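*Asks:* Here the protein sequences come in this chain order: A and B. Residue numbers 1 to 335, in the numbering used here, belong to the letters of the first sequence in order. Residue numbers 336 to 896, in the numbering used here, belong to the letters of the second sequence in order.
Some hints could be false.
Per label pair, the in silico range of CB-to-CB distance [as the list claims (entries may be wrong)]:
#1 B/Ala756 <-> A/Asp250: 16 to 24 Å
#2 B/Pro539 <-> A/Glu311: 50 to 58 Å
#3 A/Gly279 <-> B/Gly504: 55 to 63 Å
#4 A/Ala159 <-> B/Gly359: 34 to 42 Å
#5 A/Val24 <-> B/Pro811: 32 to 40 Å
Don't read these hints as lab results, they were simulated from the structure. Fair warning: this is a prediction, and the values are worked out from it, not measured in the lab. For each residue, glycine too, the CB sits at the ideal point set by N, CA and C.
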Amino acid sequence: MSMHHQLLADLQALGISADMLGEVESLPMPGSGPHAALQAGAAPATMLLPAHSPVLDALGLRVEIDPSGGQLRVISRGAVAFQVRAGLRDALAQAADEAGISRVMLPQTGRFLIETASGMPLVVGWKETGALVLQAIYAWPGPPVEEWTVNTQDTWMHAQADHVAGADAWTRTSLAGQLARLCEPEVRDVAALIASGRLQDLVSAVELAPRHWARRLDAAATQALEQQAVRRAEALGDDLTDLFDTLSADMAEASGSWARLCHRRDDIESVRVLLREAGVGDTLDATLETADRTGRAIRINLDASISAADERLRRVALGDPSAWWGSTDFQAHYF
Amino acid sequence: MVWLRPHVADDALAAGPWCWPRDGERLDALVARRGERPEPGVGSIAALTVQDETVVLWHVARGRPGGSGATLGRSLRASWRDAAIALPRALPVLWSSMQTAMAATPTISYLASVRSAPGMPDLRSPIDGPSFGLALTLSLASIVFDATLPGDVVASATVDGSGNVGPVGGLGQKIGGLQRMAPRVTRLIVAASQRDEAELHAGPHLRVVPVTHAAEAIDIVFADRLSQVIVAAGENPQRRDQLTESFFRLAVVGSDSLVDWAPVMRGARLALDRWNELAPEARYRLEFAHAVAARHHDNSGRAGMPPEGWLQSLPRPLRVQVVAHLVQQSADAGHPEPERVEALGNRLLDHALEDSSPADLRLRGALARLHAVTGRALAALLAQEALARAFAAIYADSDLAYPLSEWARLAGALSEPTSLARAQEFHARLLGTGGYRGLGPRFVELAIARGRLLLDPADPEARDLARQLAMDEALPDHVRWCASRWLGAEGRSALTAEASRGHRLASRNLVLADLDEALRMGDDIAANAAVDALQGYDPGPVAHLRRCGATTADIARLYPY
Numbered sequence: 001m002s003m004h005h006q007l008l009a010d011l012q013a014l015g016i017s018a019d020m021l022g023e024v025e026s027l028p029m030p031g032s033g034p035h036a037a038l039q040a041g042a043a044p045a046t047m048l049l050p051a052h053s054p055v056l057d058a059l060g061l062r063v064e065i066d067p068s069g070g071q072l073r074v075i076s077r078g079a080v081a082f083q084v085r086a087g088l089r090d091a092l093a094q095a096a097d098e099a100g101i102s103r104v105m106l107p108q109t110g111r112f113l114i115e116t117a118s119g120m121p122l123v124v125g126w127k128e129t130g131a132l133v134l135q136a137i138y139a140w141p142g143p144p145v146e147e148w149t150v151n152t153q154d155t156w157m158h159a160q161a162d163h164v165a166g167a168d169a170w171t172r173t174s175l176a177g178q179l180a181r182l183c184e185p186e187v188r189d190v191a192a193l194i195a196s197g198r199l200q201d202l203v204s205a206v207e208l209a210p211r212h213w214a215r216r217l218d219a220a221a222t223q224a225l226e227q228q229a230v231r232r233a234e235a236l237g238d239d240l241t242d243l244f245d246t247l248s249a250d251m252a253e254a255s256g257s258w259a260r261l262c263h264r265r266d267d268i269e270s271v272r273v274l275l276r277e278a279g280v281g282d283t284l285d286a287t288l289e290t291a292d293r294t295g296r297a298i299r300i301n302l303d304a305s306i307s308a309a310d311e312r313l314r315r316v317a318l319g320d321p322s323a324w325w326g327s328t329d330f331q332a333h334y335f
Numbered sequence: 336m337v338w339l340r341p342h343v344a345d346d347a348l349a350a351g352p353w354c355w356p357r358d359g360e361r362l363d364a365l366v367a368r369r370g371e372r373p374e375p376g377v378g379s380i381a382a383l384t385v386q387d388e389t390v391v392l393w394h395v396a397r398g399r400p401g402g403s404g405a406t407l408g409r410s411l412r413a414s415w416r417d418a419a420i421a422l423p424r425a426l427p428v429l430w431s432s433m434q435t436a437m438a439a440t441p442t443i444s445y446l447a448s449v450r451s452a453p454g455m456p457d458l459r460s461p462i463d464g465p466s467f468g469l470a471l472t473l474s475l476a477s478i479v480f481d482a483t484l485p486g487d488v489v490a491s492a493t494v495d496g497s498g499n500v501g502p503v504g505g506l507g508q509k510i511g512g513l514q515r516m517a518p519r520v521t522r523l524i525v526a527a528s529q530r531d532e533a534e535l536h537a538g539p540h541l542r543v544v545p546v547t548h549a550a551e552a553i554d555i556v557f558a559d560r561l562s563q564v565i566v567a568a569g570e571n572p573q574r575r576d577q578l579t580e581s582f583f584r585l586a587v588v589g590s591d592s593l594v595d596w597a598p599v600m601r602g603a604r605l606a607l608d609r610w611n612e613l614a615p616e617a618r619y620r621l622e623f624a625h626a627v628a629a630r631h632h633d634n635s636g637r638a639g640m641p642p643e644g645w646l647q648s649l650p651r652p653l654r655v656q657v658v659a660h661l662v663q664q665s666a667d668a669g670h671p672e673p674e675r676v677e678a679l680g681n682r683l684l685d686h687a688l689e690d691s692s693p694a695d696l697r698l699r700g701a702l703a704r705l706h707a708v709t710g711r712a713l714a715a716l717l718a719q720e721a722l723a724r725a726f727a728a729i730y731a732d733s734d735l736a737y738p739l740s741e742w743a744r745l746a747g748a749l750s751e752p753t754s755l756a757r758a759q760e761f762h763a764r765l766l767g768t769g770g771y772r773g774l775g776p777r778f779v780e781l782a783i784a785r786g787r788l789l790l791d792p793a794d795p796e797a798r799d800l801a802r803q804l805a806m807d808e809a810l811p812d813h814v815r816w817c818a819s820r821w822l823g824a825e826g827r828s829a830l831t832a833e834a835s836r837g838h839r840l841a842s843r844n845l846v847l848a849d850l851d852e853a854l855r856m857g858d859d860i861a862a863n864a865a866v867d868a869l870q871g872y873d874p875g876p877v878a879h880l881r882r883c884g885a886t887t888a889d890i891a892r893l894y895p896y
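Isolated chain B (complex conformation) (with noise of 0.2 Å):
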């Protein structure tokens, strides 16, 4: 494509960064006519729209009421509210009101185009499109934060309600009008799946950041400013006490909002560092933040027992939820002793199944998750069936996934046939119910695959059903990767090359892919390497499951994930 010199409007300088030279002569005289570049402002950021041969470049800014500025579409509008709603789920903790925040739509106003053909762009009609997703929600962050945005950074992707990031439309046109309007923007955020696509076309001097959920760019972007605010926050102790409160409260119910715990997990962490001075009981709340998100994200959450007495301060559906989490941790990373969270549990559950809350059932299936890798499998898988029934009976529909998955996958690794087909008749009626949708019923089903390919490998039916999943992109890596396991042989090829990638979770079911390779080839060395690579990503599941004197086969089966 050959493009036209760039026409970059002379309130562009004055706006932000993205459109000065970058370095050389040039720079040096725009400086000595202009003074020092200025940086953007509190949620100013560089967006991209195309239209036909012209790609322009934005100044999205904190809207003011009666503010100038494009007149937003109804798409866009739609994209500024989708941010609004992503955004608490992405945040470690929401810094300040989202209602000021959102006070005022933003202003967005011309910065400079780019075309392809002689022409002049259209400038007057309202800007439109689901493509500024991303760049709306980090403007919005900045907003929140009260921390500026990088002026090297622009994003081009979509944002859903749940902060997931998609693709946008005419990418390349954009990045090869980008790298001509805006030499100092170095970094491009996109859509993971458009990575290969974005790489395409950026030349030596912009990388292409690609991100799947909005909390990842939020990450990425405000990794520095994040900790300076958060320390900042530790000099109030009124703003101290809120924050501290935030993260637990985020720790304690937010887990079926949020989808990316990095931030949490970093968030809770640096205040633990850098806060002098902290109450026991505040200190053990942000542990608690702090384990729960590092549990989420990679297993490797370490809160320890609560402080005396503080466990009976909170009420008790806290409380329940506190321990229930306490009890998944154990099972997880093995921290704290099983025995000691299981008391605590028991001393919960002092009612019948059928009279329980929501919660309290989702302690009794943490503690079947607990029994499960402690020796007590067949016990679990009666438990987590009870659970399933009574989730259905009280149509909790979110939260049948959990033991339905667990109730099928430990029916195959105990050779129950007949437990497992009630488990899939269970799931196959559920489905007609009609609350029981999005990803739970597809754990569900790798978890009936699994379960019926330990029971026969051959299974022609359950590795279609692997295979099928394996190669559906639309579910979480995790998914698509442990699915790849029971397909053996024929799922090899993706886990190595997203291993090789740098993937955690393939590298991990890669070796379960190795250990199950072993047993079968009756090689006890290569099993054991296995089991101990495997109990360096997963100390938890594996040493309880070692301890209880399971053999290598007894954790190829029983291993949870």
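So that you can see chain A by itself, here it is in the shape it has in the complex (with noise of 0.2 Å):
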């Protein structure tokens, strides 16, 4: 069996299947050549290297590895609680202390897998012949939005389907939840379906599926969906409030980066939809309060030059005047 196999067996015995795994993230490790321990270093040989990690990011995680030996470093921002499986089979998972630190020796495999408190898996890492690999976990099934997107007339959804075949888990939700939301209405005679009765008429079968979809999920998918948009909007809420610090002067760029917010900010709100479908989400809804009062405030705050205002975005802004992540070109009421 190939190692890439015994990895999958692995997870599979642990309940992930192959189709839950995000996309690969293989980060370069230096140092790892054979001549690199010849060479007398910056920093010292105990030093742990820090990976950046667009993967672990998005969940306010971070990994510092020892490229050479078997140390693993994994830290959570703001110290939320989490887990770490040194090895896959049979290992016993090891909490993060109170700073929110766990420090576990890897296997000779390379394997970790990373869990909330409640051993929802988030991520699997192992190491390679010079690099760390990563994979983002998703335990509920992606939903099939291409299938429900065939007979609508918005064109734009049509394209957002299209972008989004072969991605994840999150991103195909994420989109569910935007057909739930943001769906151009079907031009149609309103007076007649109400004369006639055909109230459920009103509402589009398109924007109707994905809200189908979140009620037939069972418990296990929606505590996995609710824990990952909480991680999710723990660390947008942490980028929100480094906003300020890191915007760029360039107006182009820091518009890139606040758009960038924007949309994470709205990946998480159709997630949040569709949970409310499935009755869940109150965790959720105490996590982005948090993170949409920084939103609003930064947004009031915010340089007239930046500019975030694609399609998505503008929809945002009709849909709800009040959503900090609308598009900038709408005078929103925020309060």
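Join these two chains into a complex; the hints should help.
*Replies:* See the structure below:
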């Protein structure tokens, strides 16, 4: 059995199927060549090297690793609770300490699994020759958004669905939520529908399908989805707090940064709508409250020349004028 | 550029304030957990490197024998040595032995990193490159002063052995990374030549501080701390005597190596103001140091005549140098009275020109400079020609440019084309000797250009030479702006632009350009107004020239700068 198949088998044994895995993120490790050991280094030999990883950034996590040895340190921003399994099979989970740090020694396979405190898998990682590899885990089924958008007349939404072909479950779920929230209504005779008593037809099948899908999710899937969303909301809140420290002086770049934050918030909003359909989401709401307070404050103080006004954010602003992440072209009311 | 979240090492928060949050709940939480934010220790400063997609913030700290930290590459070690050479040229006085400060190379350790692409920074390779130069100089200055650096400053620039600050690569990327990793850093010191580039990338919380010389950076960074150190030193009589001696020594012999006199000027002023019960001779030494620094800085020196008997107590070579400074101050700043210092100087020059030491020749040069603005310009012209030949005869190459410049300038001002031709020929001959190099020959070129343009304002070769000098950004500002003045209308826009940015020397040359234009148009009122304005910039030479009956046209020709 190849190493990759062995990994998949081990994950399967933990209830994680291949379709729950996100994109592979490979982080080249410096100093892993044979001459590196001979080279006097900038860092003490015991120093762990930081991994810069979008997969971990999105979840508010940080990993430091010793490229030549087996030490791994996982840290959560804001000391949020989590646990790490060094190795996959029969490995005991080691909970993070009060500061949100977990130190483990990796087995020879170099594999590890990061989970929420309740055991929901978040990220699997392993060492390959010269690289640390990470894959996010989405422990719920990805919604079939392409099927739902086949008949929609909303061309923008159609294009969005085309883009998510092969994407991970988080991206697909977010798009499902967008279908439920942001689809442009189809042209229809509203008066005739009301007169004929066909009130259910006022909402199109495209908008309803994601909601039906969410209601059918089992408890484990909704829990996994909510925990993923909560992690992302916490990380977003942190990034919003950092925004004024990190915003570029280049207005085009600053607008890009702001737009990315707005899209991240809208991803979470889309998932929130589906979680509500599934009858959960209180934890997410509580987490978003803090992030949104920061978001509103920033939006009010944002330099006028920073612009985030794409089609998605335009629809957000039209649908909910109080959403701070809506298009900057609209003078929305945030309170 | 899309940045990933920065990684901040746990040790970074204990090493200094740089990576702490600026304010808000996150700062409160951190203070509750870790106590008050630490300030940098003596010799501590943060510095940046960039490699591919990674920007790393490092902690430069005072080295200790056997200390750990990064391995320093060859180029970085060279920067460290340059910093040690540059520092004595930039500091008002050396507060402690450089040898002690240099005993151990600095310890450089990792604070934080940020990347624009997924990956892991290579923190185990030796750190290299010249861009730590200014940070190393400031770290060394902090050790020598025994004063901490402020925690809101980062420097990213090279420094050469003369203290000149130069540009670094990847500055935009470094600034982008810095703002993400170190929210408490609010001032970034860069080379003046990279000011625009830096301001393009700096956000609202980061102020770009452009400098051209390490002394400027030290001045900016240690402003208040320097005062405190000087005041504290005054409490100890032995230390006070040492420092007084250091200031005086710098004033007498330091002009060749010192590039920026502002810190010396301020340091001596502080000592004069804050140290009580100074003996008259010690006070005069400090006043003299202050005056020399002020004259070099902005022609504002005001040293009086020395106390009775003090001058005679000095060894003759030193006495000659002190008097040369006083004579030059009299010419430049109008004080002390020319007659009194001239008498002092003449008493010391009791031997023939060919028997003179370089110090004696410099005193003769200072006297000739005074003669040039006190109604004896022709005598000054002859003296400067003789002095140039005397310096050349003893191969004192580094002293040649000054009398030769004066020779060429005065030859033009006094309409002596044959003398000017001799100066040009002399200059051309010296260029082939090998020892006559650096900025000196460029100063002479400026004098030749202005001399020729005084003889013939349309002289195409001279105009071309002036144009080249005006546009050469490697030259000191005062040379470029003076060349712009002599280009007339052609140079006016450059002068106007620089003057509007607050450059005093550019403004002075703009006034001179106004004077030239008024004379060309025959507008006496405007010419007199320009001379009045010029006297505001340089009371010394203008007052001298007016006192000896010079007309506005004479002042335009004989004005020495």
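*Asks:* If a hint holds in the structure, say so; if it does not, say that too.
*Replies:* Now for the hints, and whether the structure bears them out:
Taking 16 to 24 Å as the suggested C-beta distance range, the pair B/Ala756 and A/Asp250 does not conform, at roughly 56 Å. For the pair B/Pro539 and A/Glu311, the supplied restraint of 50 to 58 Å is violated, since their beta-carbon distance comes to about 30 Å. Our hint of 55 to 63 Å for A/Gly279 and B/Gly504 holds, since their Cβ atoms are close to 57 Å apart. Separated by about 40 Å at the C-beta atoms, A/Ala159 and B/Gly359 satisfy the suggested range of 34 to 42 Å.
Remark: the range hint 32 to 40 Å for A/Val24 to B/Pro811 is contradicted by a beta-carbon distance near 58 Å.
Of the numbered hints given earlier, the model fails hints 1, 2 and 5; all others are met.
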